[in-house]
Amino acid sequence: MSQNHLTELAVEVVKRALAAGATDAECTVAEGEEFSANVRMRELESLKEAGSRGAGVRVLVGKRTGSTSTSDLSPDGIARLVASAMELASVTNEDPHVGLPDPGEMGSISGDLGLYCKDVAGLETELKIETARRAEIAALDTDPRISNSEGASFDTHAGRHVFANSRGFCGAYRTSYCSLSAVPVAREGDSMERDYWDSLARGFAGLEQPEKVGSTAARRALRRLHPTKVATQKVPVVFEPRVARSLVGSLFDAVHGMAVYRHQSFLAGRVGERVASEKVTVIDDATIPGLFGTSPFDDEGVPSRRTVVIERGVLKSYLLNCYAARKLGLKTTGNASRGLTGNAGIGHGNFYVEKGVESPDAIIAGIRNGFYVTQTQGFGVNIVTGDYSQGASGLWIRDGELAFAVSEVTIAANLKDMFLGLDAVGSDLEFRGSVAAPTLKIGEMTVGGK
Amino acid sequence: MEFSESIFASRFNLTRQDLENYLAEALSHGGDYADLYFEYLLTSSIGIDESIVKSAAQGVSVGVGVRVLSGERTGYAYSDDLSPEKIRKAARVAAYIAAGPSKVDTINLKDGPRHDLYPVLTAPSDTAFASRVELVRRADQAARAYDPRIFQVQAVYADNLRHVMIANSDGVLTLDRQPLARLSVSVLARENDGPPQRGHSGGGGRVELSFFEEEKTPEHFAREAAREALVMLGAVEAPAGEMTVVLGPGWPGILLHEAVGHGLEADFNRKKVSAFSDRVGERVASELCTVIDDGTIRSRRGSLNIDDEGQPTRQNVLIENGILRGYLQDKLSSTLMHTAPTGSGRRESYEHMPMPRMTNTFMLAGESDPQDIIRSVPKGLYCVSFGGGQVDITNGNFVFSASESYLIEDGKVTRPIRNATLIGNGPEALKYVSMVGNDLELDEGIGVCGKEGQSVPVGVGIPTIRIDRMTVGGTA
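Residue numbers (this note's numbering), protein chains in the order written: chain L, 1 to 450; chain C, 451 to 926.
Calculated from the structure, these hints are not laboratory results.
Certain hints may be false.
With a straight-line Cα cutoff of 25 Å, these simulated BS3-like cross-link-like pairs (lysine-lysine) come out [stated by the list, open to error]: (1) C:Lys722 - C:Lys881; (2) L:Lys450 - L:Lys229; (3) C:Lys862 - L:Lys118; (4) L:Lys316 - L:Lys331; (5) L:Lys450 - C:Lys721; (6) L:Lys212 - L:Lys331; (7) L:Lys450 - L:Lys279; (8) L:Lys279 - L:Lys355; (9) L:Lys279 - L:Lys316; (10) L:Lys355 - L:Lys316; (11) C:Lys901 - C:Lys721; (12) L:Lys229 - C:Lys881; (13) L:Lys63 - L:Lys15; (14) L:Lys450 - C:Lys829; (15) L:Lys234 - C:Lys829; (16) C:Lys829 - L:Lys229; (17) L:Lys316 - L:Lys416; (18) C:Lys862 - C:Lys829.
Note that the coordinates shown come from a computational prediction; the quantities given were computed from them, not determined experimentally.
Generate coordinates for the entire structure from the input sequences, incorporating the hints supplied.
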């Protein structure tokens, strides 16, 4: 469907909901096309290609809500969508904080945000397969110990997103991305290790060269060979950017407005207080052109913006949708997020730690005995208490240098202490996804091992 | 269920001849095999928060996935529109992978066998919403009534009803109707003005709504969640380093899922990227350990009458008295490895290619009294409940995070400890199993397994076991 058709459909669904007795309504219509090619051991392994569409509506009947979604966009399907939502609204309770954004809060930021690249749609299948093949061959050719592989993939996605509500908001945008990844396996004697590297961009031209993706993945797998399990001890821990991202993701979970109003976060009630070291500034910015967390408006029709979450260690703001904002007596920060339907949740734009001044090498050079973490494993992060305990692997730091591979150990501390004790922030910030961080050093954590 | 009675025949007007034609189209460029996976999925969920039923949602999705296998190659396409032209287009896109003459001549679809493991007359999704709303309301009230220190309660009831129809170029047509329901409760407890602690519980299966009225009530899950949160109020720092660990029965079976289950999925072993590759017949666990993956247990969350490639599920022995016996196979891997399929081909939806997956994974009971197992440990950890787990199948390292566990001191369970991750190595960890209890339990029915971006419901189970050596990721 064209963008106009999708927009007309969204507006029509809202109208029908009002006609059915809703006092307010919001509708999302989305359409996407995906393609994926996998190459393994130099041969094409799989191709996948398809498109899909869907629509969702959320109705408000006074202070009650009901939400439905469907992939059936026929007139019958749309009629059922609206009727079911109305029926659902009758089984929920009145919630005094429910409501659409105030008229003054709605809108969209203008200008080209660089979310869609035409080149993605026109790529020849052979080129896509060849790109994946080049990445995998580069990995396999890096070293004779790279004797096996889980393959390399090239993926593209192009989509349209439309949102309309009964207060007059109607917005639409197009997105695209492509990604290239490689997962080589290194083997020597009894030791076998894999790792990956990937590159993600809005358009084909923005991807890293396949040879770089493949050889980076191979070097990462090779350096994991023959790991040691170290003794249990307390040491400084350095997170490389790829894993520092997951640490920053936990910080997002802790400033998530819904978790805050439910007291489900160790950062609830702490705005204005010092929650991290002075070296830490955390930003959420959904307005940076071309990045993966960028959008013109959020999933309630509120314009995207830049929010300072932590400024030099002091907690400045939570991330909020309209509901969480009303619960906390604050204003939305434009962070509403949802799929096709449902009460809005909260998402982030580009959520990142501002870069510091030290090079990663300098950070490592300053450590006599410590752990450089390149992978974390598990779900051992408790946002309620801040307790953090994860499986980890990486490289041991001895006298300022990366000395040997380490695996099958744990790292543990409390997030409160970890952010307050974050004593070095690297200069190597790169946006490889919608959460980003440079190299981060935590003053002390417990490494659990032998 | 007969084809003619299925939703695909009655509502979408598909005929056997149509299916045969689409399969022929999929094989028009060649290839060894093709299949069609039709899915009609109804989902609904109801949520309560702050004693207010804040959310009620329902979704409908329908689509078909077309797959063509040619040697080691897979072509896949899907459509969310079941019109003939869209299905034909998907078949042609999937066909692109193959070249040369097809190995399949004519296709005459015959009905394939299947189990009858969930004879649910009325699927929960076909009951009145009001009766499902009542479940979350009861959970909310029971959790709050349990103790005044419980100050936040969230409960979510979710169900779905999946109609599937699978037709393949081997000439087999299978249909299934797969109900699934789950109730989960999360609470926060606080003492005086101290920091909050959370508790969680939930369960369900391929059951009728009466399951939540008669077998596992909202009050049962609510009290369990509240009890866990209150226990955690008194938790002390977790220890760090290697120690003896005792796992309680039931959900701690997630150990098996992570430590051995994933590593035994045939795709990884065919490609020789698993820590268990080429190790069938070798000792990978102590002789006390027999580990089964069984998709045929009545009404369980991980059970299926047929897998998502149309094969009846089976009881598969993975490890027998410590010796590795076999892998979990799907169509592609079993063909390439020249072995029988094991009914383990699963997928999240019609948008996804099937791959080998677990169903219900558990360890058979042993002979030890669970109390004797705890008494045998001078100093260690007793783990009762877990959050999620994860594994690196190549080096075999796995983790799982303990959400309720206690210190064992001088053979007695003493203080509760704060959340900690446990880490081990798959092919090694079970060699340290020195006692296996006589108290096998399956979990309550809440597990979701993720692999390569696809989520499927699974079950786990284990008796009380003693593991002499495992690394605990605490801070003390």
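When you check the alpha-carbon spacing of Lys862 (chain C) and Lys118 (chain L), does it fall within 25 Å?
This hinted pair is violated, its Cα atoms lying about 67 Å apart.
Hey, Lys355 (chain L) versus Lys316 (chain L), does the alpha-carbon distance stay inside 25 Å?
The hint holds at about 18 Å.
Measure nothing beyond the straight line between the CA atoms of Lys722 (chain C) and Lys881 (chain C); if it is 25 Å or shorter, mark the hint as holding.
Between Lys722 (chain C) and Lys881 (chain C) the Cα gap is close to 22 Å, so the pair holds against 25 Å.
So if I understand the rule, the pair passes when the alpha-carbon distance is 25 Å or less; does Lys234 (chain L) with Lys829 (chain C) pass?
At roughly 22 Å apart (the allowed maximum being 25 Å), Lys829 (chain C) and Lys234 (chain L) satisfy the hint.
Pairwise hint evaluation, Lys416 (chain L) against Lys316 (chain L), where the allowed Cα distance is 25 Å at most:
holds, 16 Å
Run the distance test for Lys63 (chain L) versus Lys15 (chain L): straight-line Cα separation, threshold 25 Å.
holds, 19 Å
With a cut-off of 25 Å on the C-alpha distance, tell me whether Lys212 (chain L) and Lys331 (chain L) pass.
Not OK: Lys212 (chain L) and Lys331 (chain L) at ~45 Å, beyond 25 Å, violated.
With the threshold set at 25 Å, check whether the alpha-carbon distance from Lys316 (chain L) to Lys331 (chain L) stays at or below it.
holds, 14 Å
Straight-line alpha-carbon gap Lys829 (chain C) to Lys229 (chain L), limit 25 Å:
holds, 22 Å
Taken at face value, is the distance from the CA of Lys721 (chain C) to the CA of Lys901 (chain C) at most 25 Å?
holds, 16 Å
25 Å limit on alpha-carbon distance, applied to hinted pair Lys229 (chain L) and Lys881 (chain C)
Holds, at about 18 Å.
Holds or violated: are the alpha carbons of Lys450 (chain L) and Lys829 (chain C) at most 25 Å from each other?
holds, 16 Å
In this structure, the hints that do not hold are numbers 3, 5, 6, 7, in rising order.
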